[in-house]
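Just so you know, the sequences run in chain order E and G. Just so we're aligned, residue 24 is where the first sequence starts under this note's numbering, counting upward by one. Just so we're aligned, residue 3 is where the second sequence starts under this note's numbering, counting upward by one.
Since the hints were derived computationally from the structure, they do not count as laboratory data. C-beta atoms are modelled at their ideal positions from N, C-alpha and C, and glycine is treated no differently. Please note: incorrect hints may appear among the correct ones.
[Claimed, not checked] Using C-beta positions, here's what the derived DEER-type ranges look like:
1. G:Pro-138 - E:Asp-91: 44 to 54 Å
2. G:Arg-239 - E:Gly-89: 53 to 63 Å
3. G:Arg-103 - E:Glu-350: 35 to 45 Å
[To be verified] Here are the simulated lysine-lysine pairs, BS3-like style, with alpha carbons at most 27 Å apart:
4. G:Lys-81 - E:Lys-25
5. E:Lys-97 - G:Lys-122
6. G:Lys-41 - E:Lys-387
7. E:Lys-97 - G:Lys-21
8. G:Lys-122 - E:Lys-25
9. E:Lys-387 - E:Lys-528
10. E:Lys-47 - E:Lys-25
11. G:Lys-299 - E:Lys-74
12. G:Lys-299 - E:Lys-25
13. G:Lys-420 - E:Lys-74
14. G:Lys-299 - G:Lys-21
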Amino acid sequence: MKLTVWTYEGPPHVGAMRVATGMKGLHYVLHAPQGDTYADLLFTMIERRNKRPPVTYTTFQAQDLGSDTADIFKQACRDAVARFQPQAIIVGASCTAELIQDDPGGLAETMGLDIPVVALELPSYSRKENFGTDETFFQLVRHLARPMERSEAISCNIIGPTGLGFRHRDDVAEIANLLREMGVAINVIAPMDATPMDLTRLGAAHFNVVLYPEHADAAARWMERNLDQPRTKTIPLGVGATRDFIAEVQAITGLTTAPDERRLRLPWWSASVDSTYLTGKRVFLFGDATHVKAMARVARDEMGFEVAGLGCYNREFARDIRALGKEYGVEALITDDYLEVERAIEEAAPEMILGTQMERHIGKRLGIPCAVISAPVHVQDFPARYSPVMGFEGANVLFDTLVHPLVMGLEEHLLAMFREDFEFNDEAGPSHHGGHAPRPVEQAHPTPAVSEPQHVADLAREATSEAVQAASGALVVSAPDATPIAANSGSDVAVWLADAEKELKKIPFFVRGKAKRNTEKYAAEKGVTEISVDTLYEAKAHYAR
Amino acid sequence: MNDLAPLPNRGCQDTPVLKERGQREVFCGLTGIIWLHRKMQDAFFLVVGSRTCAHLLQSAAGVMIFAEPRFGTAILEEKDLAGMADANEELDREVDRLLSRRPDIRQLFLVGSCPSEVIKLDLERAAQRLTGIHGPRVRVLNYSGSGIETTFTQGEDACLSAMVPSLPDTDAQNLVLVGSLPDVVEDQAISLLERLGISDVQVLPGRDAAHDPAVGPNTRYALLQPFLGDTAQALERRGATRIDAPFPFGDEGTTAWLAAIAALYGVSRETFEAVTAGPRARARKAIAVQAEKLRGKSIFFFPDSQLEVPLARFLTRECGMEAVEIGTPFLHKGLAAADLALIPEGPTISEGQDVDLQLDRCIAARPDITVCGLGLANPLEARGLTTKWAIELVFTPVHFYEQAGDLAGLFSRPLDRKRVLRLHPNASAQEAPA
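Assemble the whole structure, with the sequences as input and the hints as a guide.
Right under this line is the structure:
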């Protein structure tokens with residue numbers, strides 16, 4: 024038993040729904056109690072789909088238990104097939120139906136339906152949504168795909184996009200165009216928009232492009248073994264990764280046509296002098312493993328940010344992300360507990376979060392700007408405009424996405440200069456964000472009750488630009504060791520004198536928390552009970568050695 | 003006393019109910035936690051369930067209430083089911099942890115779910131055990147919000163009825179209003195009653211445990227919501243007597259509701275008129291603006307919150323609409339009688355659901371407005387129908403005089419939007435609606 028408030032992933036049958044809803048001509052008969060139909064609104068509201076998901080729920084009730092739930096399931100199957108006339112059905116159980124052990128797969132197979140029936144075993148009490156997408160797509164492929172003659176022209180399948188995916192709609196369009204430009208024909212795109220009939224043609228492709236390993240890894244490996252199709256391993260997200268992806272496709276196909284790069288703007292946008300202020304911005308990345316891995320590279324190598332922390336919620340990829348953490352010199356956080364993520368972000372005190380809709384809320388609480396780079400996402404992450412994150416246009420979109428939450432470069436200098444102006448100060452937040460001013464960290468969390476380990480952080484990592492560094496350098500101090508510091512509440516903690524508090528407020532808010540904690544640690548060590556302006560500077564001198 | 007409009011014969015009281023069984027497109031009772039946890043400020047709702055339950059709560063809220071919500075899900079894991087872990091020990095541990103982290107909590111609700119009911123986890127005994135450990139500082143109660151037993155608003159009914167046995171005893175003549183409404187609306191109701199000279203008024207649920215009402219043989223209670231049948235029964239078992247009335251929606255509903263209470267308390271006609279005349283006039287004026295847009299329009303209710311019958315009464319009688327079908331997940335004939343009697347004969351009254359068949363009926367009828375859940379709204383809009391999300395009726399202040407215009411406005415706004423958008427339908431960005 025584990026107490027959860029918010030979850031990064033739904034149950035595995037929601038993953039199956041994402042596959043079914045992404046596809047056409049497939050129907051999902053789900054043995055589930057009344058109430059599980061809530062999942063429809065994920066698609067009709069968040070993704071604004073104009074059709075009901077192709078799911079029939081048996082919606083059994085307490086009175087049905089122990090008597091005829093199996094009959095209810097069979098009736099629902101018959102009705103669904105008659106009404107929706109799918110090319111194939113998938114059948115399975117949600118968490119409650121798993122407990123009553125009606126065996127939907129076995130029941131459906133005995134019904135003599137004249138369409139393929141694919142039974143899903145999705146263990147609700149040990150697995151989650153991404154397992155559900157991956158397993159469902161794998162089972163569909165395993166049941167429907169067959170070895171066959173290759174297409175005459177060099178072709179590929181694009182696999183992984185589902186319903187409710189982060190920018191899947193536009194990523195697929197972008198990458199399909201990129202591949203066509205290289206002379207690769209697109210055989211099947213699946214699950215998104217594919218029919219079960221289309222899946223039978225998967226074998227005609229020369230190779231598979233895996234855009235989302237979370238949803239298509241098992242299927243890609245199966246096709247590699249059984250259909251002799253190589254798979255791409257680079258996710259074309261970011262400039263460097265897109266170029267690597269092109270090279271990988273060229274190596275697989277022997278084609279040499281390179282796509283037109285003239286539409287790619289990120290490199291110049293990033294090199295132009297206005298972007299200087301982005302240098303060394305400390306970012307924390309959290310999301311699904313694939314997006315975090317790709318975005319870490321974009322953040323460091325293409326935006327000039329510093330990766331202050333990273334992690335993912337899907338344990339299936341824990342090893343990859345731990346390795347990634349090593350590469351970036353941070354300890355990777357593998358958890359699906361958003362409170363743990365919040366703690367890690369608070370501790371790392373980044374200047375920006377690249378996360379999911381959950382981190383958007385964490386950022387709001389901590390007063391740290393956030394850009395969403397991964398599922399789970401909300402309605403505002405399904406933009407009306409074309410906005411892929413993959414390929415060359417995707418890189419352009421990413422530049423905008425990563426810059427938008429931040430205070431603009433010159434504005435940042437001015438804030439540092441005039442930070443005591445009552446109308447124009449660093450707590451007001453970016454001027455282009457209207458009412459969405461971030462709050463300072465220490466106000467969002469008045470009194471952390473537990474002591475927190477202090478990171479060794481140097482001045483350059485703390486501040487965001489030279490101007491801010493210069494302005495705040497006198498006061499920002501760093502702790503030389505990683506021992507826990509005293510809590511800033513309770514009787515043994517020094518009191519801030521008014522002058523010292525005023526001096527502290529002159530430090531830009533994003534580094535103020537650290538300066539405050541260092542000073543308190545110094546005061547505690549020295550047995551100082553009242554912190555004066557002198558104590559601040561003594562602490563600075565102490566840690567500067 | 004007040005002169006109400008005469009009843010239209012027996013209205014829909016004798017209309018045969020179309021009972022359907024099939025796929026139900028409704029929330030389960032856990033959803034009620036979304037408003038209950040805000041209403042009771044010292045309560046925590048701990049769902050004992052699956053990842054699906056947690057996912058439902060975060061999805062149904064539409065937006066996440068990130069300010070440390072007073073609810074959570076103790077997710078059952080494989081080892082809990084396989085008997086490798088004693089579920090009760092696990093639960094005790096999670097509750098310990100929770101209560102030590104949230105010392106402000108005075109009421110803890112253990113909320114049963116489909117999986118906990120199926121594996122027969124005895125939450126009643128768990129609640130007793132935990133009360134023994136954490137009482138009297140914390141009162142631990144249990145109820146089921148499972149989908150196999152409850153539909154959407156029935157969760158509130160289950161919660162409130164679980165509270166009834168622990169309410170303090172009284173022999174006093176008091177009036178208890180039953181149902182959780184937004185504080186501002188609750189205050190309006192109490193103020194109206196006070197001005198009628200009725201002062202000993204309490205509300206179930208109280209805003210915190212200390213303000214829960216007392217009940218006894220001289221308690222009269224009036225329901226604020228139509229879905230509180232079990233709570234009503236539980237109160238009757240404690241000796242309380244229900245004041246029968248239509249539900250307080252719109253001018254007519256509010257007036258009839260107040261009049262039923264006033265009659266019992268011997269309030270004079272003059273006083274009643276003096277107290278209600280002002281707000282009644284305001285309500286009528288506000289409704290009239292919206293009724294202009296609603297008059298003659300047809301409406302179709304998919305089953306959702308059990309508010310369908312009183313709302314159909316309001317919309318047909320006070321806004322001039324015509325009801326095509328009034329679907330409700332569960333029809334409590336006793337509680338709905340007063341409202342049913344006021345609805346002119348004609349509409350189909352349906353209980354339960356077979357969503358595919360009901361969609362067929364709705365599409366054939368092409369009503370001007372369809373009231374339905376979030377899973378159906380966009381698909382119906384894509385077919386050219388105009389919809390109103392039913393969940394908004396539960397999340398918005400809509401009771402009593404001052405909200406009567408807002409209530410009507412919830413139905414006219416979708417029509418307004420259709421009118422103001424000068425968009426020609428394009429080839430849809432998505433696939434063609436089926």
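Now the hints, each set against the structure:
{"no.": "1", "hint": "G:Pro-138 - E:Asp-91: 44 to 54 Å", "verdict": "46 Å, holds"}
{"no.": "2", "hint": "G:Arg-239 - E:Gly-89: 53 to 63 Å", "verdict": "29 Å, violated"}
{"no.": "3", "hint": "G:Arg-103 - E:Glu-350: 35 to 45 Å", "verdict": "36 Å, holds"}
{"no.": "4", "hint": "G:Lys-81 - E:Lys-25", "verdict": "11 Å, holds"}
{"no.": "5", "hint": "E:Lys-97 - G:Lys-122", "verdict": "26 Å, holds"}
{"no.": "6", "hint": "G:Lys-41 - E:Lys-387", "verdict": "24 Å, holds"}
{"no.": "7", "hint": "E:Lys-97 - G:Lys-21", "verdict": "21 Å, holds"}
{"no.": "8", "hint": "G:Lys-122 - E:Lys-25", "verdict": "19 Å, holds"}
{"no.": "9", "hint": "E:Lys-387 - E:Lys-528", "verdict": "21 Å, holds"}
{"no.": "10", "hint": "E:Lys-47 - E:Lys-25", "verdict": "37 Å, violated"}
{"no.": "11", "hint": "G:Lys-299 - E:Lys-74", "verdict": "25 Å, holds"}
{"no.": "12", "hint": "G:Lys-299 - E:Lys-25", "verdict": "50 Å, violated"}
{"no.": "13", "hint": "G:Lys-420 - E:Lys-74", "verdict": "20 Å, holds"}
{"no.": "14", "hint": "G:Lys-299 - G:Lys-21", "verdict": "26 Å, holds"}
In terms of the numbered hints stated before, the structure departs from hints 2, 10, 12, listed from lowest to highest.
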